[in-house]
Amino acid sequence: MTFEVLDWIYILNLAGVLVFAISGVLTAIDNDFDVVGASVIGFITALGGGTLRDLLIGETPVGWMLDTNYLWTVMAAVALSYLFKTRIIKLRKGMFLFDSMGLGLFAILGVQKTIAVGLDPVIAILMGMVSAVFGGVLRDVLSNIVPLIFRKEIYATACLIGGLVFLILQTFSKALYINMGVAMFVVFIIRYLAVKKKWVMKF
Amino acid sequence: MTFEVLDWIYILNLAGVLVFAISGVLTAIDNDFDVVGASVIGFITALGGGTLRDLLIGETPVGWMLDTNYLWTVMAAVALSYLFKTRIIKLRKGMFLFDSMGLGLFAILGVQKTIAVGLDPVIAILMGMVSAVFGGVLRDVLSNIVPLIFRKEIYATACLIGGLVFLILQTFSKALYINMGVAMFVVFIIRYLAVKKKWVMKF
Amino acid sequence: MTFEVLDWIYILNLAGVLVFAISGVLTAIDNDFDVVGASVIGFITALGGGTLRDLLIGETPVGWMLDTNYLWTVMAAVALSYLFKTRIIKLRKGMFLFDSMGLGLFAILGVQKTIAVGLDPVIAILMGMVSAVFGGVLRDVLSNIVPLIFRKEIYATACLIGGLVFLILQTFSKALYINMGVAMFVVFIIRYLAVKKKWVMKF
Numbered sequence: 001m002t003f004e005v006l007d008w009i010y011i012l013n014l015a016g017v018l019v020f021a022i023s024g025v026l027t028a029i030d031n032d033f034d035v036v037g038a039s040v041i042g043f044i045t046a047l048g049g050g051t052l053r054d055l056l057i058g059e060t061p062v063g064w065m066l067d068t069n070y071l072w073t074v075m076a077a078v079a080l081s082y083l084f085k086t087r088i089i090k091l092r093k094g095m096f097l098f099d100s101m102g103l104g105l106f107a108i109l110g111v112q113k114t115i116a117v118g119l120d121p122v123i124a125i126l127m128g129m130v131s132a133v134f135g136g137v138l139r140d141v142l143s144n145i146v147p148l149i150f151r152k153e154i155y156a157t158a159c160l161i162g163g164l165v166f167l168i169l170q171t172f173s174k175a176l177y178i179n180m181g182v183a184m185f186v187v188f189i190i191r192y193l194a195v196k197k198k199w200v201m202k203f
Numbered sequence: 204m205t206f207e208v209l210d211w212i213y214i215l216n217l218a219g220v221l222v223f224a225i226s227g228v229l230t231a232i233d234n235d236f237d238v239v240g241a242s243v244i245g246f247i248t249a250l251g252g253g254t255l256r257d258l259l260i261g262e263t264p265v266g267w268m269l270d271t272n273y274l275w276t277v278m279a280a281v282a283l284s285y286l287f288k289t290r291i292i293k294l295r296k297g298m299f300l301f302d303s304m305g306l307g308l309f310a311i312l313g314v315q316k317t318i319a320v321g322l323d324p325v326i327a328i329l330m331g332m333v334s335a336v337f338g339g340v341l342r343d344v345l346s347n348i349v350p351l352i353f354r355k356e357i358y359a360t361a362c363l364i365g366g367l368v369f370l371i372l373q374t375f376s377k378a379l380y381i382n383m384g385v386a387m388f389v390v391f392i393i394r395y396l397a398v399k400k401k402w403v404m405k406f
Numbered sequence: 407m408t409f410e411v412l413d414w415i416y417i418l419n420l421a422g423v424l425v426f427a428i429s430g431v432l433t434a435i436d437n438d439f440d441v442v443g444a445s446v447i448g449f450i451t452a453l454g455g456g457t458l459r460d461l462l463i464g465e466t467p468v469g470w471m472l473d474t475n476y477l478w479t480v481m482a483a484v485a486l487s488y489l490f491k492t493r494i495i496k497l498r499k500g501m502f503l504f505d506s507m508g509l510g511l512f513a514i515l516g517v518q519k520t521i522a523v524g525l526d527p528v529i530a531i532l533m534g535m536v537s538a539v540f541g542g543v544l545r546d547v548l549s550n551i552v553p554l555i556f557r558k559e560i561y562a563t564a565c566l567i568g569g570l571v572f573l574i575l576q577t578f579s580k581a582l583y584i585n586m587g588v589a590m591f592v593v594f595i596i597r598y599l600a601v602k603k604k605w606v607m608k609f
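Chains as they are written, first to last, in the working numbering: chain V, 1 to 203; chain Z, 204 to 406; chain P, 407 to 609.
Keep in mind that the hints are not guaranteed to be accurate.
What the hints assert, rightly or not - Think about it this way: if two alpha-carbon atoms lie no more than 35 angstroms apart in a straight line, the pair counts; the simulated DSBU-like pairs of lysine-lysine are:
{"no.": "1", "chain 1": "Z", "residue 1": "Lys288", "chain 2": "V", "residue 2": "Lys196"}
{"no.": "2", "chain 1": "Z", "residue 1": "Lys399", "chain 2": "Z", "residue 2": "Lys293"}
{"no.": "3", "chain 1": "V", "residue 1": "Lys197", "chain 2": "V", "residue 2": "Lys93"}
{"no.": "4", "chain 1": "P", "residue 1": "Lys491", "chain 2": "P", "residue 2": "Lys604"}
{"no.": "5", "chain 1": "Z", "residue 1": "Lys400", "chain 2": "Z", "residue 2": "Lys316"}
{"no.": "6", "chain 1": "Z", "residue 1": "Lys288", "chain 2": "Z", "residue 2": "Lys399"}
{"no.": "7", "chain 1": "P", "residue 1": "Lys519", "chain 2": "P", "residue 2": "Lys604"}
{"no.": "8", "chain 1": "V", "residue 1": "Lys198", "chain 2": "Z", "residue 2": "Lys288"}
{"no.": "9", "chain 1": "Z", "residue 1": "Lys399", "chain 2": "Z", "residue 2": "Lys377"}
{"no.": "10", "chain 1": "Z", "residue 1": "Lys288", "chain 2": "V", "residue 2": "Lys197"}
{"no.": "11", "chain 1": "V", "residue 1": "Lys196", "chain 2": "V", "residue 2": "Lys90"}
{"no.": "12", "chain 1": "P", "residue 1": "Lys519", "chain 2": "Z", "residue 2": "Lys316"}
{"no.": "13", "chain 1": "P", "residue 1": "Lys491", "chain 2": "Z", "residue 2": "Lys401"}
{"no.": "14", "chain 1": "V", "residue 1": "Lys198", "chain 2": "V", "residue 2": "Lys85"}
{"no.": "15", "chain 1": "P", "residue 1": "Lys496", "chain 2": "P", "residue 2": "Lys602"}
{"no.": "16", "chain 1": "Z", "residue 1": "Lys316", "chain 2": "Z", "residue 2": "Lys401"}
{"no.": "17", "chain 1": "Z", "residue 1": "Lys400", "chain 2": "P", "residue 2": "Lys491"}
{"no.": "18", "chain 1": "Z", "residue 1": "Lys401", "chain 2": "Z", "residue 2": "Lys293"}
{"no.": "19", "chain 1": "P", "residue 1": "Lys602", "chain 2": "V", "residue 2": "Lys85"}
{"no.": "20", "chain 1": "V", "residue 1": "Lys93", "chain 2": "V", "residue 2": "Lys196"}
{"no.": "21", "chain 1": "V", "residue 1": "Lys93", "chain 2": "V", "residue 2": "Lys113"}
{"no.": "22", "chain 1": "Z", "residue 1": "Lys316", "chain 2": "Z", "residue 2": "Lys377"}
{"no.": "23", "chain 1": "P", "residue 1": "Lys519", "chain 2": "P", "residue 2": "Lys580"}
{"no.": "24", "chain 1": "V", "residue 1": "Lys198", "chain 2": "V", "residue 2": "Lys90"}
{"no.": "25", "chain 1": "V", "residue 1": "Lys85", "chain 2": "V", "residue 2": "Lys197"}
{"no.": "26", "chain 1": "P", "residue 1": "Lys602", "chain 2": "P", "residue 2": "Lys491"}
{"no.": "27", "chain 1": "V", "residue 1": "Lys85", "chain 2": "P", "residue 2": "Lys603"}
{"no.": "28", "chain 1": "Z", "residue 1": "Lys288", "chain 2": "Z", "residue 2": "Lys400"}
{"no.": "29", "chain 1": "P", "residue 1": "Lys519", "chain 2": "V", "residue 2": "Lys113"}
{"no.": "30", "chain 1": "Z", "residue 1": "Lys400", "chain 2": "Z", "residue 2": "Lys293"}
{"no.": "31", "chain 1": "P", "residue 1": "Lys496", "chain 2": "P", "residue 2": "Lys603"}
{"no.": "32", "chain 1": "V", "residue 1": "Lys174", "chain 2": "V", "residue 2": "Lys196"}
{"no.": "33", "chain 1": "P", "residue 1": "Lys491", "chain 2": "Z", "residue 2": "Lys399"}
{"no.": "34", "chain 1": "P", "residue 1": "Lys604", "chain 2": "V", "residue 2": "Lys85"}
{"no.": "35", "chain 1": "Z", "residue 1": "Lys316", "chain 2": "V", "residue 2": "Lys113"}
{"no.": "36", "chain 1": "P", "residue 1": "Lys580", "chain 2": "P", "residue 2": "Lys602"}
Unchecked claim - Computed far set for chain Z versus chain V, every beta-carbon distance over 10 angstroms:
{"no.": "37", "residue": "Leu209"}
{"no.": "38", "residue": "Asn216"}
{"no.": "39", "residue": "Leu300"}
{"no.": "40", "residue": "Asp302"}
Hint data in this document are derived by calculation from the structure and do not stem from the laboratory.
Think of the CB as a built atom: it goes at the ideal place given N, C-alpha and C, for glycine as much as any other residue.
The task is simple: from the sequences and hints, build the whole structure.
Right, dumping it as structure tokens:
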């Protein structure tokens, strides 16, 4: 059972990397980057947040260096983006769904990894947010634009709320994977509704 | 005695974080960031320099992750900035005083922490400067402007001189806290006079 | 013999740092940075890539903190840039030669250092590229321009090809330094020809 759940988390994680990387590559193509530049941007969009988290909590070499599947997934994302560019752009609605799922997954996995090294739960919530959104921040910095999440999107907020929900659930129940699943869904649904309903931060 | 001095250093350190964070949040509000973006910018302005230093010298998890008071201080800075925005802007002269004190404090504490892990004094001077000014550099990069300190301000220079003074004093006297205090004052007074007298780097 | 080769690598490494730092300082002067800003940019251009690699693979304190010769070399580069500015600009053709050599050196040394800590060869190729090009990326980000290598230059690609050549040679021959030299030459010659012949990435 445990093994199966971990397998699912791993597969979902790679799926999240794939979707984040594709979104990074498409942004880079829009900015007239060449294929190497687009690959770097795809890589950083997908793995930059987790990399920063691992550096800050002192888990080095950082995660993706110990498992090349992450790198191959990014390269697959680059290939898919170039081969099926027009189709993928049409699919962006579907991608937004996966993107929101990836956000929830990365945020809650980030919270858990931080707690696992013994850091304070409040710091863990922060690191969950860093894991999920700083890839996008680095993508924007490297593309020389003001990071989007600082201005418009209920994105970081969704991660912080989801992280809080996860920690509250953990104090009431030992069912780790169910707690994780619920918290991921909270992040997903806030993000999803925020975009659908065009919620905006009031100040 | 020692205990008291360390207490004072700790309190001053948090005060420096508060002032740096407020200045970051106000800059972010000026740039139309939302409250989450402003909080992130406040955080990075106050703690980004020390974070970079800790990563470079290999002290991970970085300092603020082991003591949540730093995080709460940043959050207090965010609350104060939003609640008393107009008053704080009027108080900016007073804030500039605290900001210069924070600069001295962060620089010399950075020098000492680097020496404490056994690195070369010259590297320590550099790390003192990094601790004190790179939060502002990261703030500017994330706001998509050329970092101010690269163009106008006698800011990094004050930190380097202060660090040098600290190391020279240490070779003549064992009075660590007095040496630190004098060196902090050197950074403070150079920065303070530089702004008051409108000193500019000649080339 | 081995000792002599290591000496040569060390000297070439410092020469590479010198040339990269000079190119950084000249760029910063072009952007109206003051001398402190130009020094920081020179430093980051020369040592930023290796620093990022060391952080990612968990080798802290990072390399240049344990050997102040790197810092002195950067300071020499700053002094030379200001003293002989007009002459150096005339010499840029010659500098481009050294710059391409530095690229090959940094890339292959980066590959080898990553393998030495036990990471996967594919990750090592990536880290070689990071070592050689991310100093320039950080320089561009701090100067608030879109990193050049993302758009125009066959620069990262040369590093990746050179890294691959090195790994292939290593499987056939035990002559480490010869393999390194050949791979460095591959990076150098691709970069050199790419500029001479005005090769451009096709997509």
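To see whether the hints hold, each was checked on the structure:
no.: 1; hint: Z:Lys288 to V:Lys196; in the structure: holds (33 angstroms)
no.: 2; hint: Z:Lys399 to Z:Lys293; in the structure: holds (18 angstroms)
no.: 3; hint: V:Lys197 to V:Lys93; in the structure: holds (15 angstroms)
no.: 4; hint: P:Lys491 to P:Lys604; in the structure: holds (27 angstroms)
no.: 5; hint: Z:Lys400 to Z:Lys316; in the structure: holds (32 angstroms)
no.: 6; hint: Z:Lys288 to Z:Lys399; in the structure: holds (24 angstroms)
no.: 7; hint: P:Lys519 to P:Lys604; in the structure: holds (32 angstroms)
no.: 8; hint: V:Lys198 to Z:Lys288; in the structure: holds (28 angstroms)
no.: 9; hint: Z:Lys399 to Z:Lys377; in the structure: holds (34 angstroms)
no.: 10; hint: Z:Lys288 to V:Lys197; in the structure: holds (30 angstroms)
no.: 11; hint: V:Lys196 to V:Lys90; in the structure: holds (18 angstroms)
no.: 12; hint: P:Lys519 to Z:Lys316; in the structure: holds (28 angstroms)
no.: 13; hint: P:Lys491 to Z:Lys401; in the structure: holds (28 angstroms)
no.: 14; hint: V:Lys198 to V:Lys85; in the structure: holds (27 angstroms)
no.: 15; hint: P:Lys496 to P:Lys602; in the structure: holds (18 angstroms)
no.: 16; hint: Z:Lys316 to Z:Lys401; in the structure: holds (32 angstroms)
no.: 17; hint: Z:Lys400 to P:Lys491; in the structure: holds (30 angstroms)
no.: 18; hint: Z:Lys401 to Z:Lys293; in the structure: holds (21 angstroms)
no.: 19; hint: P:Lys602 to V:Lys85; in the structure: holds (33 angstroms)
no.: 20; hint: V:Lys93 to V:Lys196; in the structure: holds (11 angstroms)
no.: 21; hint: V:Lys93 to V:Lys113; in the structure: holds (30 angstroms)
no.: 22; hint: Z:Lys316 to Z:Lys377; in the structure: holds (17 angstroms)
no.: 23; hint: P:Lys519 to P:Lys580; in the structure: holds (17 angstroms)
no.: 24; hint: V:Lys198 to V:Lys90; in the structure: holds (21 angstroms)
no.: 25; hint: V:Lys85 to V:Lys197; in the structure: holds (28 angstroms)
no.: 26; hint: P:Lys602 to P:Lys491; in the structure: holds (24 angstroms)
no.: 27; hint: V:Lys85 to P:Lys603; in the structure: holds (30 angstroms)
no.: 28; hint: Z:Lys288 to Z:Lys400; in the structure: holds (28 angstroms)
no.: 29; hint: P:Lys519 to V:Lys113; in the structure: holds (28 angstroms)
no.: 30; hint: Z:Lys400 to Z:Lys293; in the structure: holds (21 angstroms)
no.: 31; hint: P:Lys496 to P:Lys603; in the structure: holds (21 angstroms)
no.: 32; hint: V:Lys174 to V:Lys196; in the structure: holds (34 angstroms)
no.: 33; hint: P:Lys491 to Z:Lys399; in the structure: holds (33 angstroms)
no.: 34; hint: P:Lys604 to V:Lys85; in the structure: holds (28 angstroms)
no.: 35; hint: Z:Lys316 to V:Lys113; in the structure: holds (28 angstroms)
no.: 36; hint: P:Lys580 to P:Lys602; in the structure: holds (34 angstroms)
no.: 37; hint: Leu209; in the structure: holds (22 angstroms)
no.: 38; hint: Asn216; in the structure: holds (18 angstroms)
no.: 39; hint: Leu300; in the structure: holds (29 angstroms)
no.: 40; hint: Asp302; in the structure: holds (23 angstroms)
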